[in-house]
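Just so you know, the sequences run in chain order R and X.
Following our numbering, the numbering of the first sequence begins with 1 at its first residue and continues without gaps.
Following our numbering, the numbering of the second sequence begins with 1 at its first residue and continues without gaps.
Quick caveat, the hints were computed from the structure, so don't treat them as lab data.
Any given hint might turn out to be false.
Copies of the same chain look alike in the list, so a pair counts if it fits in one copy or across any two.
Result set (SDA-like, lysine to any residue): computed pairs, CA atoms no more than 25 angstroms apart in a straight line [what the hints assert, rightly or not]:
#, residue 1, residue 2
1, Lys283, Ala217
2, Lys11, Tyr125
3, Lys116, Glu135
4, Lys284, Ala217
5, Lys105, Arg199
6, Lys116, Ser286
7, Lys104, Arg199
8, Lys124, Gly53
9, Lys284, Tyr298
10, Lys47, Asp278
11, Lys281, Leu306
12, Lys281, Pro220
13, Lys281, Ser179
14, Lys281, Asn182
15, Lys284, Ala3
16, Lys283, Arg218
17, Lys55, Asn101
18, Lys291, Ala217
19, Lys55, Asn37
20, Lys292, Asp219
21, Lys76, Ser149
22, Lys283, Asp219
23, Lys291, Asp219
24, Lys116, Pro132
What follows is each chain in one-letter form.
Number of protein chains: 2
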Amino acid sequence: MNATYLSSLSKEDLKRFVDSFDTVLTDCDGVLWVENNAIEGSPEVLKKLRELGKKVFYVTNNSTKDRKDYVSKCLKLNYQATEEEIVSTAYLVANYLKSINFRKKAFLIGSAGFAKELDLAGVKYVGFGPDPMPEGLTTLGSLEGGLESLLEPDVGAVLLGFDPHFSYPKMVKAASYLSDPNCLYIVTNTDERFPVSSRLIYPGTGSMVAAISACAARDPLVVGKPNPYVAEAVSKIHPLDPKRTLMIGDRANSDVLLGANCGFRTLLVLTGVTSLDDVDKWKKSSDPEDKKLIPDFYLNKLGDFLQLL
Amino acid sequence: MNATYLSSLSKEDLKRFVDSFDTVLTDCDGVLWVENNAIEGSPEVLKKLRELGKKVFYVTNNSTKDRKDYVSKCLKLNYQATEEEIVSTAYLVANYLKSINFRKKAFLIGSAGFAKELDLAGVKYVGFGPDPMPEGLTTLGSLEGGLESLLEPDVGAVLLGFDPHFSYPKMVKAASYLSDPNCLYIVTNTDERFPVSSRLIYPGTGSMVAAISACAARDPLVVGKPNPYVAEAVSKIHPLDPKRTLMIGDRANSDVLLGANCGFRTLLVLTGVTSLDDVDKWKKSSDPEDKKLIPDFYLNKLGDFLQLL
């Protein structure tokens, strides 16, 4: 890991690099698109990589869509895609619960795409949708007893993904269910913000996870990047040789760290969350955890790869 | 700090202990009351301490009431109190902003008591009250631009206390205001939960602080315990000799830690958040931060002090 600028490689080294991997795991938000717009040049690079015989998987921590929706979005923005190539966290959670034969109800803090994946996996859930403070229960004294009747019986898991309706009653319920140590606590990812183009900051699932973990005093199972669980899920469909796998991403603490955790080569693109200043900071740090955040290679944008291929 | 059971002291040692302090700082929730009920025996102990000439201050991290409301609550539950003796975090924040001559608007995530303290201090604020996701803006793609128009100009501080209407739009706004490094970030406290008597867990301000700090990637100024700021505020009204000050509380990481940070003697009561199991864990730990959480003395409940006085 030394964060080599990919465009600075000699022709021979570039060819050696491209020949060195046969599988590409690519992040989506901040690499392929920002919200509903493809990042210039990225579709052509993915097309070219496929022509060179590389197997491509879309590995996203975003939990707001189901896999069908992702295929539609990919096709609309000129990315070839099949459902099998989409490795999204809502799908991973649903699939995990199915694999352990989970029969209780889940308490879901998440959006419509997450709910749809649970439906497809046959997992029952409660809690989906808006859940504002009930009228008149706005002081702590008045809360007592007022929310207790709203707890559902037989809840065996709290699931957390991005939820635009995140609210205090959802926090009370999640923390209360989680006070039973047998209740599972599974989150899609811990990304603190979305990479977006506006001057606004859009908090991500990780900010909600921070709140729930604080009040529940528990650490979650994270199925998304940087947890190797996501790579295990891919390897069930397509055997992965870590040494011949390239992870492309815009966020060091999920994408690059996944690479470090799994032994993949990593390529950071600067069209999302992590900046070159961040990388320089980690280079100077003596903390071994910071060192894991340094990518093998970087590019200003994925599109710059095209002329190198 | 060795967590001596106060009831186990000899008569002579007890007398020496009681003579050793002239000022008592006492926490409220979990020490004097749980929600709207006084904890048995606590009012009598406070009365006796005053009769022995001790000066008493109520030092609470709870930000849901203004000082007038606290005086009323004290009197109702048989605790003598004047406004000057109430050191509450909403008051401390308002007073701090006044002391630095803050002239911009604050973005308030907090409850009615907090808003009232700001009114009393002449601090302008926006954001108070319910702020659910606007209709139709429930996917991330649709958020873009949809909330931007809701940002107010001239906001120079984000203030965070307990807010039963905590919501995603509030998180977006707080994180966006805080992306300006000149915007102040001040929170009342970092207690993760309230001490309550039900089987439900009621997340505290600290859980909301965890969410905002994660998405804003900033650490707040904490005016409440365990920050010594709260003791400085008391000392402006009444000079404190740390060696002759006793801090009573139910929560090690706010009350006992404040004592450690300020050089006060500490008495933990087991009617709230921290248990004797927690204390035993810290005794065995080799982490010096854990050692600070061990109180000098403990009692099962404050009321047990009465027969010792």
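Do the hints match the structure? See the list:
For the identical chains of this complex, Lys283 and Ala217 are inter-copy neighbours only, at 20 angstroms across copies versus 33 angstroms inside a copy, given an alpha-carbon limit of 25 angstroms. In the homo-oligomer, the alpha carbons of Lys11 and Tyr125 never lie at most 25 angstroms apart, since the shortest distance is 54 angstroms inside one protomer and 60 angstroms across protomers. Taking the shortest Cα distances, Lys116 and Glu135 sit within 25 angstroms of each other only across copies (21 angstroms), while inside one copy they are farther apart (30 angstroms). In this homomeric assembly, Lys284 and Ala217 come within 25 angstroms of each other (Cα to Cα) only across copies, at 20 angstroms, whereas the closest approach inside a single copy is 33 angstroms.
For the identical chains of this complex, Lys105 and Arg199 are inter-copy neighbours only, at 20 angstroms across copies versus 39 angstroms inside a copy, given an alpha-carbon limit of 25 angstroms. Proximity of Lys116 and Ser286 under a CA criterion of 25 angstroms is satisfied in neither setting, with 44 angstroms inside one chain copy and 48 angstroms between copies. In this homomeric assembly, Lys104 and Arg199 come within 25 angstroms of each other (Cα to Cα) only across copies, at 21 angstroms, whereas the closest approach inside a single copy is 42 angstroms. Neither within a single protomer nor between protomers do Lys124 and Gly53 lie at most 25 angstroms apart by alpha-carbon distance, with minima of 40 angstroms and 62 angstroms respectively.
Taking identical chains as interchangeable, the C-alpha atoms of Lys284 and Tyr298 lie at most 25 angstroms apart only when both belong to the same chain, with a minimum of 17 angstroms there against 46 angstroms between chains. Taking the closest pair of Cα atoms, Lys47 and Asp278 never come within 25 angstroms of each other, the shortest separation being 30 angstroms inside a single copy and 57 angstroms across copies. For the identical chains of this complex, Lys281 and Leu306 are neighbours neither inside a copy (29 angstroms) nor across copies (57 angstroms), given an alpha-carbon limit of 25 angstroms. In this homomeric assembly, Lys281 and Pro220 come within 25 angstroms of each other (Cα to Cα) only across copies, at 22 angstroms, whereas the closest approach inside a single copy is 28 angstroms.
Within a single copy, Lys281 and Ser179 get their C-alpha atoms only as close as 39 angstroms, which misses the 25 angstroms cut-off; across copies the closest is 20 angstroms, which meets it. Taking the shortest Cα distances, Lys281 and Asn182 sit within 25 angstroms of each other only across copies (22 angstroms), while inside one copy they are farther apart (41 angstroms). In this assembly of identical chains, the alpha carbons of Lys284 and Ala3 lie at most 25 angstroms apart only when taken from the same copy (13 angstroms versus 43 angstroms across copies). In this assembly of identical chains, the alpha carbons of Lys283 and Arg218 lie at most 25 angstroms apart only when taken from different copies (22 angstroms versus 32 angstroms within one copy).
For the identical chains of this complex, Lys55 and Asn101 are neighbours neither inside a copy (31 angstroms) nor across copies (61 angstroms), given an alpha-carbon limit of 25 angstroms. In the homo-oligomer, the alpha carbons of Lys291 and Ala217 lie at most 25 angstroms apart only across protomers (20 angstroms), although the nearest pairing inside one protomer, at 28 angstroms, exceeds that limit. In this homomeric assembly, Lys55 and Asn37 come within 25 angstroms of each other (Cα to Cα) only inside a single copy, at 24 angstroms, whereas the closest approach across copies is 65 angstroms. Taking the shortest Cα distances, Lys292 and Asp219 sit within 25 angstroms of each other both inside one copy (21 angstroms) and across copies (24 angstroms).
For the identical chains of this complex, Lys76 and Ser149 are neighbours neither inside a copy (45 angstroms) nor across copies (29 angstroms), given an alpha-carbon limit of 25 angstroms. Taking CA atoms no more than 25 angstroms apart as the test, Lys283 paired with Asp219 passes between copies only; the shortest distance there is 23 angstroms, against 29 angstroms inside one copy. Taking the closest pair of Cα atoms, Lys291 and Asp219 come within 25 angstroms of each other both inside a single copy (24 angstroms) and across two copies (23 angstroms). Taking the shortest Cα distances, Lys116 and Pro132 sit within 25 angstroms of each other both inside one copy (22 angstroms) and across copies (23 angstroms).
Hint violations for this structure: numbers 2, 6, 8, 10, 11, 17, 21, all remaining hints satisfied.
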